[in-house]
Amino acid sequence: MSTLEIKDLHVSIDTEQGNKPILKGVSLAINSGETHAIMGPNGSGKSTLASTIAGHPRYKVDSGSITLDGEDVLAMSVDKRARAGLFLAMQYPVEIPGVTVTNFLRTAKTAIDGEAPRLRTWTKDVKAAMAQLRIEPEFASRNVNEGFSGGEKKRHEILQLELFKPKFAILDETDSGLDVDALKVVSEGVMRANEDGTMGTLLITHYTRILRYIKPDFVHVFVDGSIAEQGGPELADRLEAEGYDRFLPAAAQA
Amino acid sequence: MTNAELTKETVAGTAESAEKARIGAPSAEAQAASNVRRIAGMNEEGEQLSEINPVSSPLGGAAAKSHSHGAGAGIPDSSRAGRLTSYNAADFAPITGREEDWRFTPLKRLRGLDKVALDGAAPGLSIQKPDAVRVETVDRCDARIGSAGIPDDRVSAAAWGAFTEATVITVPADFAGTAEDHVTTVTLTGAGEAPAASHLFVHAQANSAAVVVLDHRGSAVVSENVEILVEDGAQLTVVSIQDWADGAVHASSQQMKIGRDAKLKHVVVNLGGDLVRINPSARFSGPGGDVEMYGLYFADAGQHFEQRIFVDHAVPNCKSRVTYKGALQGKNAHSVWVGDVLIRKEAEGTDTYEMNRNLILTQGARADSVPNLEIETGLILGAGHASATGRFDDEQLFYLQARGIPEDVARRLVVRGFLNEIIQQIKVPALEERLRDAVERELKAGAL
Ligand SMILES: Nc1ncnc2c1ncn2[C@@H]1O[C@H](COP(=O)(O)OP(=O)(O)OP(=O)(O)O)[C@@H](O)[C@H]1O
Ligand SMILES: [Mg+2]
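These protein sequences, in sequence, are chains H and P.
Taken in order, the first sequence gives residues 1 to 254; the numbers are from the working numbering.
Taken in order, the second sequence gives residues 1 to 448; the numbers are from the working numbering.
I should point out that these hints are in silico values taken from the structure, not numbers from a laboratory.
Mixed in with the good hints there might be a few duds.
[To be verified] Mimicking SDA-like on lysine to any residue, the simulated pairs with C-alpha atoms at most 25 angstroms apart in a straight line are:
| # | chain 1 | residue 1 | chain 2 | residue 2 |
| --- | --- | --- | --- | --- |
| 1 | H | 167 | H | 230 |
| 2 | H | 184 | H | 138 |
| 3 | P | 331 | H | 58 |
| 4 | P | 427 | H | 141 |
| 5 | P | 427 | P | 172 |
| 6 | H | 60 | P | 362 |
| 7 | H | 80 | P | 407 |
| 8 | H | 7 | H | 77 |
| 9 | P | 444 | H | 76 |
| 10 | H | 20 | P | 394 |
| 11 | H | 80 | H | 67 |
| 12 | P | 129 | P | 206 |
| 13 | H | 167 | P | 407 |
| 14 | P | 427 | H | 140 |
| 15 | H | 24 | H | 227 |
| 16 | H | 60 | P | 406 |
| 17 | P | 263 | P | 426 |
| 18 | H | 215 | H | 192 |
| 19 | P | 331 | P | 416 |
| 20 | P | 427 | H | 100 |
| 21 | H | 80 | P | 411 |
| 22 | H | 165 | H | 146 |
| 23 | P | 427 | P | 412 |
| 24 | H | 124 | H | 106 |
| 25 | H | 80 | P | 417 |
| 26 | P | 444 | H | 107 |
| 27 | H | 60 | P | 363 |
| 28 | H | 60 | P | 394 |
| 29 | H | 165 | P | 408 |
| 30 | H | 80 | H | 114 |
| 31 | H | 60 | H | 226 |
| 32 | H | 165 | P | 409 |
| 33 | P | 331 | H | 57 |
| 34 | H | 165 | P | 406 |
| 35 | P | 444 | H | 106 |
| 36 | H | 60 | P | 408 |
[Said to hold, decoys possible] The following label-pair restraints were derived from C-beta to C-beta distances:
| # | chain 1 | residue 1 | chain 2 | residue 2 | range |
| --- | --- | --- | --- | --- | --- |
| 37 | H | 120 | P | 138 | 52 to 60 angstroms |
| 38 | P | 147 | H | 102 | 42 to 50 angstroms |
| 39 | P | 301 | H | 20 | 30 to 38 angstroms |
| 40 | P | 128 | H | 60 | 55 to 63 angstroms |
These numbers come from a predicted model, not from an experiment.
All C-beta atoms, glycine included, are put in the ideal place defined by N, C-alpha and C.
If we strip away everything but chain H, and leave its shape as in the complex, we get (with noise of 0.2 angstroms):
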C-alpha cells in the first residue's frame, strides 16, 4: 500500500504584478485504491494543486510538503516524480512536433520502468489500449498532440495512464470537453487503469456525469486555495445542484 500525503501546501507564482499566492494550507491524503474528487470553482487552484504535484516550474511551493511514502516528493525532479509512480494527465495536453506517438510511448515506458519493454508485447498492449480507447491506429504515426482535437488528447493521455500503469493518477477535468460516448470510453479506461483495485485517483472535475462511472469515496471542495468541505460522493450531488454559493464570500453573494 502506498500514500501520496500533501501537507499544509502553500503555493505562490511569480507573474508581472508580482508574487501571487494561490494554495493557501491544502492537505489531503491518498491511499493506494481510494478515488478522491476535487470540485470547485474555476480559478481556485486546483489546476495549480496537480500541477505542483507533478513538479511544474512555474509553481513555487513557500511552505508545507509533498511525500510518497515518506519521500520527499518536492525534492524529485519532474521526471523522477514519474518514474516514481505519479501521473499528471493534463487540463491541456501539449503538442510535441516531430515526435510520434509511438516513439513517444515507448520513450516513456523505457524511462520509466528503467528498461525498454519486449517489443513484442509491448506493440500488441500499445494496440489494444488504443482500440479499447477507440484511438484510430493511424494516431500511433502522428506526432504527440498535433492537431489532436480536445478529446482526442484526453483520450490519449488516458492511453498513457493505462500502459504506464502509475501508483497516483491525477486526472485534471479530464471528463471536459469530452462528447457522452468518449466521457464512457475514457472512463473505462480510467477504470481498467486501476483495475487490480490498487491505483490512487485524484480526478479534478467540473461534472458530476464522470463520478457516475469512477466513483469516487471521497469529495473536496476547493475553494480560494484551499479544501473548503469534504464529504462522500452526496457531496458532489450536492455541489451540482447548489453552486458554489455557500463556500464563496458573503460579498461575492450579495
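Given chain H's structure and the hints, the job is docking chain P with the ligands onto it.
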C-alpha cells in the same frame, strides 16, 4: 514548438486564375522572445491554443510583430524573373545590404567575398569514386563551364571571374550507380582564410544514375560555383555538406539544369562555419523534369546559415518539391530560408510545393523564413508553400519529463524527430549515420 503555421497557402491551378499571382512573402521571424508565456489553466478551452505564438494572427506573438509582406519595407518588390545574371562581377553593383537578396546577410562577416579579388588558394580536393565516374581538372575555357549556370549575384560572379581551374565530375551515360555502393565523394578542405574562388561541375549524362557528395571541411573563406547538369533521363543525387570549422565563410551558388524526364535530388546540409550562404537554383531544360530539394541546418550560437532557393519553372510539366528544416540554438544563431518559385507563362502543368520549418531550441536564436511563389499561368497542377517556425519550450519539456523522460533525452527526442524527416529522405545510408551523429553532437554542444 506548438507548430504555429505561419503561412500556408495552396494554389490549385485553374484556367481562370489570375494572369499573374504573387503569393505572400511573409518574413516569418520568430525570435525566441522571453515574453512568450503560457498560463496553465487560464483558458476556457485550451485545445485550440497555439501556445508558441499565442496572438490570434496567423503569425502570432513575437512573430507577428516582425511580419512583413512582399519583399519588405523599402525594398522594391521585383519579380525573381527580372534578376540580373552575368558572368561579369562588374555588372553587379557593390552590395549595400539593402538588396532583396542580401538583406539578411551580415556583410561584414563575408570577410571580403563581396570584393572582386578572390586570389586565395581554393579548397583542396580529395575524391572517392566508382571507377566509371570521371574526374578532370580543366581550365576556365573548357566548353562545359557555363553550360549549366550563370551567376545571379556579385559574390558568385566574383568567383566566376577569379577561378583558375575547375573540377568536372562526369557520370557516364547509362551508368547505374546505387546509393549503397557507388557514391562519389568530393571532400573539399579549406586551404586557409584568404578569400578564394572555387568551381565545380557535376555532369550526369543521359540515363545515368549516381550520387555525388560535396563535403566541405576545414577553414576557408570561399565563394564557390557549382554547376549541375542533369541530362535527359538521368537520375542524380547531389548532397552538399557544409561541416566547416568555426570561422569559415562560404558562399555557394549551386545551379542545376535538369533535362527531359530527368530527376535531381539536391540536398544541402549546413552544420558548421561562421557564415554559410547556399543558393541552389533549379532550371528545367525539358518537360518531365523533377527536382526534389532538401535542406537541413543546425545553427549554433553566432552562426549565420542562409539558404536561398530558386526554382524556375519555364518548361511545361515539370515538378518541384522543396523541403528544408532547421534547428537553432544559442545566442544569435540565425537562419535564413528564402524559397523563390517562379512559374512562367509557358510552364503549364507545373506541380510545385515548398516548405520550410524551423525549430528554435533556446532563447536568442532567430529564424527568418520567406516563401515566395510567383505564378504567371493558371494552367498548373498545383502550387503551394508552407513555412512555420516554432520553439521547443518549457511546456514541452515539462510534458515529456512528466512522463518520466529526463531532460536531455527529451531534447534529443524532439530534435531528432524533427530533423529525421529530412535525414531519411537522403537515402544514402553512409550519410544518414553521419548526419544523425552530427545532430547528436550539436545537441551535446548546446547542452553546456
Ligand atoms: N501564470 C499565471 N499567471 C497569473 N495567474 C496565474 C498563472 N497560473 C495560474 N494563475 C492563477 O492562479 C489561480 C488558480 O489557477 P488554476 O489553474 O489552478 O485554477 P483551476 O482551479 O484549475 O481553474 P479551472 O477550473 O478554470 O481549471 C487563478 O486565479 C489563475 O488565474
Ligand atoms: Mg484547472
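Checklist entry - Hints broken by the structure, by number, lowest first? => result none
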